[in-house]
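Engineer: So that you can map any letter, position 49 of the sequence shown is 49 in full-length UniProt numbering, and since no number is skipped, the others follow by simple counting.
The hints are simulated quantities; they were obtained by calculation from the structure and are not laboratory data.
Among the hints, a few may not be true.
Each pair of labels, with its calculated beta carbon distance range [as the list claims (entries may be wrong)]: (1) Leu44 with Glu5: 18 to 26 Å; (2) Pro81 with Leu10: 17 to 25 Å; (3) Arg36 with Glu5: 43 to 51 Å; (4) Pro37 with Ala67: 43 to 51 Å; (5) Arg85 with Pro2: 31 to 39 Å; (6) Pro2 with Pro41: 48 to 56 Å; (7) Pro41 with Val91: 19 to 27 Å; (8) Glu3 with Leu86: 26 to 34 Å; (9) Val31 with Leu52: 16 to 24 Å; (10) Val91 with Gly38: 18 to 26 Å; (11) Glu3 with Arg36: 46 to 54 Å; (12) Ile29 with Glu3: 38 to 46 Å; (13) Leu47 with Leu77: 29 to 37 Å; (14) Ala62 with Val22: 41 to 49 Å.
Virtual Cβ for every residue (Gly too), placed ideally from N, Cα, C.
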Amino acid sequence: MPEKEIIMSLGWLLAGLAAGSVHVAALWINVQFLMRPGKRPVALVMLLGRFLLLGAVLFVVARNGTAAFLWATCGVLVARPLVLRLMKDRVGPEVAMGEEGHLR
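Put together the whole structure using the sequences plus the hints.
Structural biologist: Have a look at this one:
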C-alpha cells in the first residue's frame, strides 16, 4: 500500500513542521526575555522548556519508527528557515538596538 505510506510520511513531515515552527517562533519571545536583565531566569527556563518539548515530540515520533523520525526531523529542519523568513518580514527593518541593548 504505497498510498498509505505516502500519507503517513506527509503526516510525520507536517508534525515535524509544526513542532519546528513552534520551537523557532518561541525563540522571539525567548530573546525578548533574555534582553531584560530581570527576566533572564525566566528566559533560561523557557529555553530549557523549548528544547525539552521538541525533544519529547521527536522521542514520541521516534517510537513510531525510523522513517517517521526522519520525516519529522526533516520537517523541523525545513521549518527553521521558513519561520525565520516570516518573522523577518513581520518584524521588518525598524527593529534596532536601543541604548541599553534592548530591542525596540
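Engineer: Evaluate each hint against the coordinates.
Structural biologist: Quick rundown of the hints versus the structure:
Taking 18 to 26 Å as the suggested C-beta distance range, the pair Leu44 and Glu5 does not conform, at roughly 41 Å. Between Pro81 and Leu10 the C-beta distance comes to about 20 Å, which sits within the given range of 17 to 25 Å. Distance hint check: the CB atoms of Arg36 and Glu5 are about 48 Å apart, consistent with the given range 43 to 51 Å. Look at Pro37 against Ala67: about 46 Å separates their beta carbons, and that is inside 43 to 51 Å.
Between Arg85 and Pro2 the CB atoms are about 33 Å apart, so this pair conforms to the stated range of 31 to 39 Å. Taking the beta carbon of each, Pro2 and Pro41 are about 51 Å apart, inside 48 to 56 Å as hinted. Look at Pro41 against Val91: about 25 Å separates their beta carbons, and that is inside 19 to 27 Å. Range check, Glu3 to Leu86: Cβ separation about 32 Å, and the 26 to 34 Å hint holds.
Separated by about 18 Å at the C-beta atoms, Val31 and Leu52 satisfy the suggested range of 16 to 24 Å. Take Val91 and Gly38: their Cβ atoms lie about 23 Å apart, and the range 18 to 26 Å holds. Our hint of 46 to 54 Å for Glu3 and Arg36 holds, since their Cβ atoms are close to 51 Å apart. Look at Ile29 against Glu3: about 40 Å separates their beta carbons, and that is inside 38 to 46 Å.
Distance hint check: the CB atoms of Leu47 and Leu77 are about 20 Å apart, inconsistent with the given range 29 to 37 Å. One distance hint, 41 to 49 Å for the beta-carbon pair Ala62 and Val22, is violated here, with the actual separation near 18 Å.
Checked against the numbered hints above, the structure violates hints 1, 13, 14; every other hint is satisfied.
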